[in-house]
Amino acid sequence: MTPGEANSESQNLMSATLQTAASAAETMSGAEIVLRALKEQGVEVIFGYPGGAVLPLYDALFNQNAIRHILVRHEQAAVHAAEGYARSTGKVGCVLVTSGPGATNAVTGLLDALMDSVPLVCLTGQVPTHLIGNDAFQEADTTGITRPVTKHNYLVKDIKKLAGVVHEAFYVARSGRPGPVVIDLPKDILIGQGPYSEAPTAPHRSYRPQREPNAELVAQAVKLLKGAKRPIVYAGGGVVNAGPEASRLLTEFVRLTGFPCTNTLMGLGTYPSTDRQFVGMLGMHGTYEANLAMHGCDVMLNVGARFDDRVTGRLNAFAPTAKKIHVDIDQSSINKNVPVDIALVGDAGLTLKALLEAWKASEQPQHTGALAEWWTQIEEWRGKDCLRYRQEGSIIKPQHAIRRLYEITREGGRDTFITTEVGQHQMWAAQYFGFEKPNRWMTSGGLGTMGYGLPAAMGVQIANPDALVIDIAGEASILMNIQEMATLAQYRLPVKVFILNNEYMGMVRQWQELLHGGRYSESYSAALPDFVKLADSFHARGLRVTRPEDLDAGIREMLAHPGPVIMDCAVAKDENCFPMIPSGAAHNEMILGPDQEGGVKGVTDEGKVLV
Amino acid sequence: MPAVPTMPDINETKLRNATIAVLVDNEPGILARVVGLFSGRGYNIESLTVAPVDEDRAISRITIVTSGTEMVIEQIKAQLDRLVPVRKVCDLSIEGPHLARELMLIKVVCTGEQRMEALRLADAFRARVVDATAASFVFEMTGNGDKLDAFTALMRPLGLAEVVRTGVIGIARGTYSLKA
Ligand SMILES: Cc1ncc(C[n+]2csc(CCOP(=O)(O)OP(=O)(O)O)c2C)c(N)n1
Ligand SMILES: [Mg+2]
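If you read the sequences in order, they're chains A and B.
When you line the first sequence up against the working numbering, it's residues 1 to 611, in that order.
When you line the second sequence up against the working numbering, it's residues 612 to 791, in that order.
It is worth saying that the hints were derived from the structure and are not from the lab.
Incorrect hints may have been included.
[Stated by the list, open to error] Partial list, derived from the structure: chain A residues whose beta carbon lies under 10 Å from chain B:
{"no.": "1", "residue": "R147"}
{"no.": "2", "residue": "K151"}
{"no.": "3", "residue": "H152"}
{"no.": "4", "residue": "L155"}
{"no.": "5", "residue": "K157"}
{"no.": "6", "residue": "E168"}
{"no.": "7", "residue": "V172"}
{"no.": "8", "residue": "R177"}
{"no.": "9", "residue": "V181"}
{"no.": "10", "residue": "H204"}
{"no.": "11", "residue": "S206"}
{"no.": "12", "residue": "N214"}
{"no.": "13", "residue": "E216"}
{"no.": "14", "residue": "K336"}
{"no.": "15", "residue": "D341"}
{"no.": "16", "residue": "I342"}
Ideal Cβ positions, reconstructed from N, Cα and C, are used throughout, including at glycine.
Start from the sequences, fold in the hints, and give me the full structure.
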């Protein structure tokens with residue numbers, strides 16, 4: 001679309017008042033400039049919560065139909081909802097909050113988006129420019145507070161720059177490694193009159209991330225990969241962010257090479273989970289085969305992952321014999337935690353394409369014999385069946401609940417999106433729910449934010465109205481943004497909240513069991529609400545299942561209900577999440593579950609200081 | 612074909628000093644961004660100077676002196692480079708020979724014999740007298756950090772009263788010039 005088209009289209013869709021304002025005087029109010037720029041940037045939905053400082057924007061929203069506003073019940077939820085929207089669509093999510101407490105409530109969400117590289121633009125209200133610095137009512141130093149939790153932020157003090165700032169914010173949010181951008185808007189700027197300008201077509205003056213990888217380095221990487229005897233592909237969230245084509249290219253590359261492929265928590269769905277070459281998730285709660293393959297590999301291709309500490313375990317024992325190739329769009333991710341041999345700075349999709357072409361063009365033979373041996377070894381590890389559990393007796397095992405949820409939704413064949421809260425249930429969801437496509441799995445990976453899942457599911461459902469959206473939750477986490485049940489009711493969003501209720505902050509309890517001598521300090525979920533009545537009071541359907549024989553029927557009832565549902569699923573209280581690489585341990589020092597042989601290794605004192 | 616980017620020597624564990632020149636948009640908050648980056652990620656700042664350097668005061672040049680292992684310094688440069696208002700990052704310490712200078716104003720309060728000694732040393736160090744009273748001098752001196760340190764040490768027994776230093780600025784020797 002040329003800028004001219006974008007402009008005429010936005011004019012058509014803008015309200016009559018906006019049009020006259022624009023054409024008559026060539027100026028319009030700051031609020032109208034903002035909305036027009038959002039429209040030009042393709043924004044269709046904005047998640048927000050009003051307040052004094054942003055009333056001019058709400059007034060302008062009232063006068064138009066092009067942008068839909070979703071009224072959340074807490075600003076943190078607005079940001080998570082925008083994250084869910086962005087992560088399930090690949091578009092930039094948009095948030096609108098008021099000054100002071102509105103902005104500070106958004107901070108957790110912004111950091112969540114920064115850590116997980118989610119493109120967002122968050123508009124915050126601000127006191128009028130002449131009052132800034134006076135401790136005015138609902139004043140906060142929003143750019144100061146949000147500087148470390150955003151990719152970039154702006155305080156607009158000159159209305160002539162407003163349109164340009166909004167356009168630039170969207171460019172920054174989606175380019176390179178995506179992230180959240182805040183635009184702080186003083187009220188006088190929103191009310192004042194100023195000119196509109198279209199999105200610039202010229203390259204940005206300073207921020208121009210490299211997208212195409214260096215061809216020479218691609219050739220070197222292919223040489224290394226072809227010579228590999230024990231290779232592994234390790235793919236992360238960067239592949240999701242590069243768009244669905246990148247996942248297709250990843251799959252093509254893995255199939256062409258015959259290599260095993262593992263995913264990070266953020267990368268789940270970039271490679272089909274049901275494929276034989278997929279060895280499961282890696283890291284702290286990854287599979288035995290994925291972690292041992294990482295430990296023993298001789299060539300590692302990391303595509304769009306950042307050697308996070310949940311993935312590497314103890315750094316000096318991480319993949320000790322491997323030559324490492326790292327594909328990342330963010331130069332600062334290279335050599336940050338793990339020194340690598342070849343760094344391919346560029347977009348994951350474009351780099352995979354280049355690798356595929358170079359692989360096909362190269363005549364160097366592969367070590368097919370060694371690769372076959374490697375697979376034999378991997379199959380032996382896989383044979384350990386590290387995710388095995390025994391569903392017996394009268395109590396539902398949480399693993400079984402997720403497994404059945406997965407199987408029953410698959411039977412249904414609906415396009416399914418999963419969000420999670422944070423804790424054991426999150427890890428079980430990652431382990432027992434399979435994903436075939438990217439953008440279907442939304443979890444708070446980097447920040448680990450309890451309360452993420454419900455609002456994120458809301459955003460996913462807004463973006464995908466016909467899809468099945470399930471928040472896999474814990475009974476503790478869900479209470480952190482439970483108020484959003486009202487948003488579900490207001491917009492008739494049929495999100496399903498599937499609570500694995502173990503009456504504990506299970507992940508905290510697990511660490512206390514394994515690291516703190518079983519002293520369960522403050523990790524019991526006392527005084528829980530009656531989730532069925534709670535659902536009822538929020539105009540949703542409430543279900544409670546306690547017996548294994550009722551599990552399937554409960555899941556089916558939840559899925560069949562056309563509106564929002566909370567299913568409170570009582571599960572074993574003392575179950576731990578395995579396999580587990582304790583903090584400070586190496587991949588080959590994994591603790592397996594009670595159903596597998598292999599002793600529990602002690603946690604070192606050094607490990608104890610780690611999170 | 613573009614040059615193949617070289618990798619830092621990641622096995623080098625020795626600390627080195629780096630003088631990093633950064634060209635940035637001269638906008639509010641840019642200094643907070645740079646300083647916040649250093650404090651937030653635990654990098655060391657030995658000195659930092661900043662001033663606009665172009666005609667219309669749109670571009671500022673920051674000189675940061677820091678230290679770290681090769682990998683840490685590479686990180687610092689990459690982290691600086693991805694800040695949106697940052698236009699150029701140049702590690703003067705490794706891009707070739709460069710000049711580094713610092714300006715110091717130093718006040719010495721003394722009388723009698725010590726006055727003569729202070730003046731004599733100032734002369735030897737090519738420090739200029741920019742203020743004098745019956746009981747004090749202010750000397751102005753430029754040079755590299757070592758030279759300023761040495762002079763300061765000599766003034767200490769003579770009545771050193773106050774020191775103010777700008778921090779280091781640096782520029783590459785020869786025709787190469789850093790442009791936004
Ligand atoms: C906002 C926030 N506070 C605290 C934590 C620390 N934390 C991690 S998991 C967890 C317990 C979660 O309990 P629950 O939601 O019941 O999940 P479970 O582990 O039992 O499945 C806590 C408190 C966190 N991740 N986020
Ligand atoms: Mg729980």
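Evaluated hints:
1. The closest approach between the C-beta of A/R147 and any C-beta of chain B is roughly 6 Å, which is under the 10 Å cut-off, so the hint is satisfied.
2. For A/K151, the interface hint holds, since its Cβ comes within 10 Å of a Cβ in chain B; the closest pair sits about 8 Å apart.
3. With a cut of 10 Å, the hint placing A/H152 at the interface with chain B holds, because the nearest CB-to-CB distance is about 4 Å.
4. For A/L155, the shortest C-beta to C-beta distance to chain B is roughly 7 Å, which falls under 10 Å, so the interface hint holds.
5. For A/K157, the suggested interface contact is upheld, since its CB lies about 8 Å from the closest CB of chain B, less than 10 Å.
6. Using the Cβ-Cβ criterion of 10 Å, the hint placing A/E168 at the interface with chain B is satisfied: the shortest such distance is roughly 8 Å.
7. About 6 Å separates the beta-carbon of A/V172 from the nearest beta-carbon of chain B, less than 10 Å, and the hint is met.
8. Taking 10 Å as the C-beta contact cut-off toward chain B, the hint placing A/R177 at the interface holds, the least distance being around 8 Å.
9. Annotation: interface hint on A/V181 holds; nearest CB of chain B at approximately 9 Å, less than 10 Å.
10. Annotation: interface hint on A/H204 holds; nearest CB of chain B at approximately 8 Å, less than 10 Å.
11. Given hint, A/S206 at the interface with chain B, holds; its Cβ is 4 Å from that chain's nearest Cβ, closer than 10 Å.
12. For the restraint placing A/N214 at the interface with chain B, the shortest Cβ-Cβ distance is roughly 6 Å, inside the 10 Å limit, so the hint holds.
13. At a threshold of 10 Å, the smallest CB-CB gap from A/E216 to chain B is about 5 Å, leaving the interface hint in force.
14. Hint status for A/K336 relative to chain B: holds, with the closest Cβ pair at about 6 Å, below 10 Å.
15. Restraint check, A/D341 versus chain B: the minimum CB separation of about 8 Å is within 10 Å; hint holds.
16. With 10 Å as the threshold, the beta carbon of A/I342 comes within range of chain B, its nearest partner Cβ sitting at about 8 Å, so the hint holds.
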